[in-house]
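*Asks:* Chains F and U supply the protein sequences, listed in that same order. Note that our numbering has the first sequence beginning at 1, numbered continuously upward. Note that our numbering has the second sequence beginning at 1, numbered continuously upward.
Calculated directly from the structure, the hints in this document are not laboratory data. Think of the CB as a built atom: it goes at the ideal place given N, C-alpha and C, for glycine as much as any other residue. Accuracy of the hints is not assured; some may be wrong.
[Unchecked claim] Facing chain F, from chain U, some residues (calculated, C-beta under 8 Å):
#1 E50
#2 Y52
#3 S65
#4 P66
#5 M72
#6 G88
#7 P93
[What the hints assert, rightly or not] Calculated from the model, a selection of chain F residues having no Cβ within reach of chain U, i.e. all distances over 12 Å:
#8 C99
#9 H130
#10 K211
#11 E501
[Said to hold, decoys possible] Label-pair restraints from in silico Cβ distances:
#12 F:P370 with U:L142: 24 to 30 Å
#13 U:K137 with F:N76: 56 to 62 Å
#14 U:P163 with F:H130: 33 to 39 Å
#15 F:T267 with U:P120: 29 to 35 Å
#16 U:L142 with F:Q334: 34 to 40 Å
#17 U:E62 with F:D8: 37 to 43 Å
#18 F:S268 with U:K137: 48 to 54 Å
One letter stands for each residue in the lines below.
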Amino acid sequence: MAKKLTIDGKEITARDDATIIQAAHEAGMTIPHYCYHPKLSIAGNCRMCLVELEGRPKLEISCNTPVADNMVVFTNSPKVVEGRRGVLEFLLINHPLDCPICDQAGECGLQDYYMQHGLYHSRFQEEKTHGRKVVHLGPDVVFDSERCILCTRCVRFCREVTQTNELGLFQRGDSAQIATFPGKQLDNPYAGNTVDICPVGALTSQDFRFKIRVWFLRETRSVCPGCARGCNINIHHHDGHVYRLKPRQNDEVNVTWMCDAGRFGYTSINVQRLLQPQLRQGDALQQTTWPTAIAQMVEAVQRHGGQAVGIVVAPQGTNEDSYLLARLASAVVQTTHVVLYPGMPGDEDTFLIRADKNPNTRGAQDMGLPAPATADQLTRLAQAIDQGAVKVLYAIGVDLVAAFGAETVARWATQLDCLIVQASNQLPGCEHAHVVFPSATYAERDGTFTNFQGRVQRINAAFAPRGEALPAWQIYTRLAQALGQAWSYAAAENVLQDIAEAVPAYAGLSYAKIGDLGWSFTHES
Amino acid sequence: MQALTFWQKIYLPEILRGMAVTTRHFVTNLFGQRHTVTQQYPEQPTQVSERYRGRHRLMRKEDGSPRCTSCMLCATSCPALCIHIQAGEHPDPTVEKFPIAFTIDELRCVFCGLCVEACPCDAIRMDTGIFALAAYKRDHFLYPRNLLLGDDLPTNIAEGKAPNH
């Protein structure tokens, strides 16, 4: 049974168990709030979401008032506006007025609502209370008690979502403040989310603090490549530099959270990048041009024949990359020495973090690459190289040292006729390469990842690749063209059109169909 | 349009009238009262108005530390995007942050003064009266924090200043 009610003259239908604020948000209306969060329990302590109900003398908080049939709600009546202003004035009594130096400025609930609903002149003549500044609650979370409005979102997050209970609300009245329990630190693997949900500048990220003002940042929708979960994220960047990642709501995948390992994984986009195609000349790698580098590999392939080519690839590439690589390996180069190397499994938990630290292990297999290699398969490839059956090795996004050992890789540098390393970052083993192809990071290209649930999700290019780096699908296209194929793809989307025709599970898929929240083929079939 | 008369068509009377004005100025400036607007710069120093927007400088607190809190409102308001600030955590938690680096690209600057207007703590001013900057390299026009504070003197750059500042 659904309930019918009227909000601001608009008749809406709401779920039976909805509260007014939920009903309003679902109908596309906003009610100002601080302590209410759709994924946390109701606290009802900020009093900002006041609404007027017909037939009731006092204003009610919409976050904790269940909807009822024939309810008539006003969210902007003079009484509500007056009440909201009063609440805001109380919240700001002890709040320092130093927005220019506060790191939250630009994305602060107090600032925004003051401009929308407050706009009074301060009547507070007394000395504001002074609290603790720059308190390190954990490795990344910095707390400023003067700026806190005690909404307890962070406390509820640690109690309900991570269930680690590090934070509590201590003391009373003016002295009330958030703190960690004695002997505890806010160091759970999801602690960074407390900074995201803090509506004011009380919790800030040590990593992001003071790096840039938020109004310079642009947002690009993407997917975290840190593990097989594929948490939906927004990349916050300015001038080709990524400053932070923020989780994006997707109830099917990550709700509205992400882990700290994923959150701080962005640094590889900014540092230690391979920016130029390189070619070995004597002992050193020298910068070269793309045509020269491609020709070098193509000559080696033609010299030894396809079966002498080994390909070892990490499942870090998009579906588009993997599809073209699988086609390149089987139809163009014609080799059977293809190995998918997923790296060492990492930590796993029951919430978001997956042991498989690759974003696209499932998608890579859907696209025709082999299943993740066992130790045996790796050894077999190593033996093939040592016995001289494989003379050309094409390593794509793989930490060769972790996969085969430093000594082996150093030996291969002389043993192989051509060792091609394709990566976006300076990986261990890179220095032994004969040819280096710089590839674009996930923030610099379009594409799709398929997460462990079988959900195809979209990544978007936030900015152009640094230096001369190219998205992997473009490198494969250039290789195929140099090997005499008539491949031509103008964009990653064109590759997906081919996938939609060739791979049955992905039939009919397009970027429009995937949208912002992804598309799950397991649900469809 | 009205047709020109014969005298207008040959232009000569107007040319002679123009020459008369020129000659009058020439003679009065050569022998009599001088009304020349030409300044003999740089031998003769230039006076500029008190509100003239010259090269920037950074102000200090009473304790001598930079007054700037690196709020970046100047960089935000700058239409030429010539202000680059790197903020650092200040040892005093009530101060929050301070500029580790504060660089103004004086070649990009359009001297509009919006940074001065935007600054909430009067940390940047353009009242130096310095209007002539000359150097051999573009890099030298990247004025670092200590030069703007007056700690360092310009070494690779020549600065011309109005004497009334």
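*Asks:* Decide, hint by hint, whether the structure agrees.
*Replies:* Evaluation of the provided hints:
A least Cβ separation of about 28 Å between U:E50 and chain F goes past the 8 Å threshold, and the interface hint is therefore violated. Interface restraint check for U:Y52: the shortest CB-CB distance to chain F comes to about 27 Å, outside 8 Å, so the restraint is violated. With a least beta-carbon distance of about 15 Å to chain F, the hint placing U:S65 at the interface is violated under the 8 Å criterion. Proximity of U:P66 to chain F is violated relative to the hint, the smallest CB-CB distance being about 13 Å (cut-off 8 Å).
Taking 8 Å as the C-beta contact cut-off toward chain F, the hint placing U:M72 at the interface holds, the least distance being around 5 Å. Using the Cβ-Cβ criterion of 8 Å, the hint placing U:G88 at the interface with chain F is satisfied: the shortest such distance is roughly 7 Å. With a cut of 8 Å, the hint placing U:P93 at the interface with chain F holds, because the nearest CB-to-CB distance is about 4 Å. The claim that F:C99 is not at the interface with chain U is violated, since a C-beta of that chain comes within 12 Å of its own (minimum 8 Å).
The claim that F:H130 lies off the interface is violated: its Cβ sits roughly 8 Å from the closest Cβ of chain U, which falls inside the 12 Å cut-off. Taking the minimum C-beta to C-beta distance to chain U, about 8 Å, the non-interface status of F:K211 is violated against the 12 Å cut. No Cβ of chain U comes within 12 Å of the Cβ of F:E501; the nearest lies about 47 Å off, and the non-interface call holds. Between F:P370 and U:L142 the C-beta distance comes to about 54 Å, which lies outside the given range of 24 to 30 Å.
Checked against the hint of 56 to 62 Å, the pair U:K137 and F:N76 passes, with Cβ atoms roughly 60 Å apart. One distance hint, 33 to 39 Å for the beta-carbon pair U:P163 and F:H130, is violated here, with the actual separation near 48 Å. A beta carbon spacing of about 33 Å between F:T267 and U:P120 agrees with the range 29 to 35 Å that was offered as a hint. Distance hint for U:L142 and F:Q334: a CB-CB separation of about 56 Å, inconsistent with the stated range 34 to 40 Å.
Between U:E62 and F:D8, the C-beta spacing of about 54 Å breaks the proposed range 37 to 43 Å. Our hint of 48 to 54 Å for F:S268 and U:K137 is violated, since their Cβ atoms are close to 35 Å apart.
In this structure, the earlier hints numbered 1, 2, 3, 4, 8, 9, 10, 12, 14, 16, 17, 18 are contradicted, and the remaining ones agree with it.
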